[in-house]
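For reference, the chains in residue letters:
Protein chains: 2
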Amino acid sequence: MTLLAPKLGRKRDHTRDAEILDAALDVLAESGYDGMTIDMVAARAKAGKATLYRRWPSKAELVIDAVACMKAPQNVDDLPNTGTLRGDLVGMFKPHTIEDAERKLKVMTGLLSMLSRSPELADAAYQAITDPRARATRLFLQRAIDRGEIPADIDIQTLSIVSASMASYRTLFLRKPVDREFLISVIDGVILPAVGLRS
Amino acid sequence: MTLLAPKLGRKRDHTRDAEILDAALDVLAESGYDGMTIDMVAARAKAGKATLYRRWPSKAELVIDAVACMKAPQNVDDLPNTGTLRGDLVGMFKPHTIEDAERKLKVMTGLLSMLSRSPELADAAYQAITDPRARATRLFLQRAIDRGEIPADIDIQTLSIVSASMASYRTLFLRKPVDREFLISVIDGVILPAVGLRS
DNA sequence: GGGTTCCGAAACTGACAAGTCTCGTATATA
DNA sequence: TATATACGAGACTTGTCAGTTTCGGAACCC
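Chains Z and X, in that order, are what the protein sequence lines are.
Last residue of the first sequence: 889 in this note's numbering, with the numbers rising by one and none dropped.
Last residue of the second sequence: 889 in this note's numbering, with the numbers rising by one and none dropped.
Warning: the hint list may mix true and false statements.
As the list makes no split between identical chains, a pair holds if one copy fits it or if it spans any two.
Claimed, not checked - Quick list of in silico lysine-lysine cross-link-like pairs, DSBU-like style, CA-CA up to 30 Å:
(1) K761 <-> K796
(2) K749 <-> K697
(3) K739 <-> K701
(4) K701 <-> K784
(5) K866 <-> K761
Since the hints were made in silico from the structure, they are not lab data.
Please model the complete structure; the sequences and the hints are all you need to start from.
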């Protein structure tokens, strides 16, 4: 027997998928996983609830898909490459990059208490939000080692998460803005001194 | 007219307050704010729901009180004082201290998405969880400066939150255990090099 | 003892949200 | 044109949970 679906009737408009997932991310960033309702997402996407349930079997699956689709094609080419470690690190503070990081952190905040209950969601969040940033920083450090700017025996793994850790902590625990001044103080007061570059 | 309450009837057993608040913290650490129900707290404390509502007007107030009562009388005397910065920092890894920090972090995780909606809760969490740790680290750094172990021009504010930031990030974002090895790598790979103490 | 408030247990009420279904309409194939 | 599916809108069902009330019993004061 064939399981092929017949090709009858109106076709599903898959351009709406991205719009719905983006609406879900907005609601998620604003209200968190528990505060988010399917009605909110449908309203923001100007879609019917049935349209959402036709595409995703449950709220949980919708959220996993929405988080996974944040995973930007982080092109190595559009990362800073200034020739100095400090230049690369500071180069991450372009308005667009900061804006993107802020939204991701808000989404992550609303997801945190769910991660322990849904390994699948935890993995999606790691792939889309946590890992790309650490990758970029590891790249900066490795290039600095390769060009002899910093010693080769530094702890790359640990140092690569310093800026992300401190930015998250400042937002989540201290509830203060992650502004340019703070990021500069992390770079010049922690990371660069730690790799032996004093200003 | 007098507003003095009459002293009739059975007296409220205020020794139950602490037991109920402690049960609330357990549930909070396990299920987060949204996942926590009053029934869970009552069941864990072997109390009736009415008993809880006789003492706190709402779930929100109960949680604020529970978090506030975590604020231990952090005695400066029982903080490490070893004579070296590294000794003081490492001295924070006593089993009891780590256990305490783990529970606080779990509670905080379940609270994070609420903090933006309840400034009162945010303040209680800051006073009870976030600030005490930063205070201790600032003390260690200041003593190291005073004894001439490290330069006086370091950025104490920024450096004092490095270890807490990285421990939180590792737990929340990376979902890996904050074990002794990791903490040592933060101290020896980031903090001490950053203040000019190389191993 | 009599009146009052506490206690744990559990029934009850009301609101809200996940998920389903229906309706009128639009768009596709045959 | 006839049939089948997608669409937005919204009614409907069901379960859960905050908060209230009721119950039988215990503790306290007069």
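Which of the stated hints cannot be reconciled with the structure, identified by number in ascending sequence?
-> Failing hint: just 4.
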